[in-house]
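**Q** Respectively, the protein sequence lines represent chains W and V. Position in the first sequence counted from 1, then plus 141, gives you my numbering. Position in the second sequence counted from 1, then plus 3, gives you my numbering.
Honestly, the hints are just simulated from the structure, not real lab data. Don't take each hint at face value.
Covered by chain W, per the in silico footprint, the following chain V stretches (three or more residues, Cβ under 8 Å) [claimed, not checked]: (1) 22-35; (2) 46-55; (3) 156-163; (4) 225-239.
In this text, a Cβ means the ideal position worked out from N, Cα and C, and glycines have one as well.
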Amino acid sequence: MATIGADLVRQMAAGDRDAFSVFYDRYAPVVFPLILRIVRERADASDVLQEVFWEAWRDAQGYDASRGSPEAWMVMRARTRAIDRIRSTRRRGETFVAPLDENLAAAPRDSAPDAAERASNRGTIMTALDRLPEAQREVIELAYYAGLTQTEIAERIKQPLGTVKTRIRLGLERLREMVKAPS
Amino acid sequence: MNQMNHEPYETLAATYAVGALDGQDLVDFERHLAGGCDVCQAALRESAETLATLARSRPPMIPPPAVKEELLRRIVAAPAPRRATRPRPLVWAVGTVAAVIAGAAFTGAFVATRYEARLGVMARESAALRARVEHEEAALREQLAVYRSAADLLRDPQAQVVTLRGLGPSPAATGRVIWHPANGGYLFVANLPSAPAGKAYELWTIGDAAPQPAGLFQVDASGRAAHRIAPAEGGKPVKVFAVTLEVEAGVPKPEGPMVLASAK
């Protein structure tokens, strides 16, 4: 199925700079908040954003529309590069990038704020993620936005590895259902 | 594959999709994927689309304009991405060599990092690998250019081929000079041992007067070298080509032992 986005990537692969400009205007505002959420610093987020789009331009020929939408392609690249950035920052030990949503870190488990409260605390609209059961939301946040591996998550939340994997799977399945049929 | 056996992979696929799989699980799952599991491929695709929808459900944010300006500047400065044109056979051969190198090195890199099991590490390694392959490809292209000009030179009826024989310390060494009085030429050597540290081989052209320096070169690990020779000053005839071993910076007249020379 050809989409406008997929056509743009095809034109980029043929060296069309105008297509790149349109492509950037279309997807940068989607991936920039994701990168910013992961790396926290606006200057770092701008660097990562540039890297992600530069690589998209360079690798446009490798894009295969049958394997996913351009949006999924860009979101995955953005998330991967942003996580690379915070992991290398953590390794260098320059800054500790808090891997947790502050609300999650501060709140004891039995008084975790409810989804709407969390969303309003962050000043964002409520997303499907906020509507997940707390235990599932927590593991997905730690994995996807903080870049922790399953082993690191198990240590952090003091749960067996199997539980972590199951929660991730259930959470992701539920997210999939919610985005398919938004309430 | 029956459902009971496949079920654990579905859990691994979800953890993989959020980038959290590590250790033996990651090794097992990637092996399973490499085996061509359509169910897992489809699950990963669907998870990627879900996560993309999640990203889009947040309010969009316009990034600083400087980012786009810088990108457009870089794009104008860099060559356009390579297009799929029909490659010429020689270029294709270079590409194949590069792909083989890439393939072999990738396998090595994968084995080395399987226990590190971190996508970030893999990404950095493949970037380093890409740089290495590009470097090797550039070296191959350079070599190709030398052979091509040597072949062009040979087509000229005025060109002559001179044989050089190994002397003293390197009797097994051989050399050929393709020489054109007006255009200069190329020296190709084989079986010459690597110059010791701090030393280099220097070529001399000898006519009626004193030997003239004609450039420094080193041999590769297999004892070969291809060296471009500038035309002799004023197109003076060259009667003898000789190679000596000299200090790395070169000398204005031969001092070291002669390792190759043409017959007078």
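**Q** Compare the structure with each hint and give your call.
**A** Hint by hint, here is what the structure shows:
no.	hint	verdict
1	22-35	holds (count 6)
2	46-55	holds (count 8)
3	156-163	violated (count 0)
4	225-239	violated (count 0)
Violated hints for the displayed structure, listed by number in ascending order: 3 and 4.
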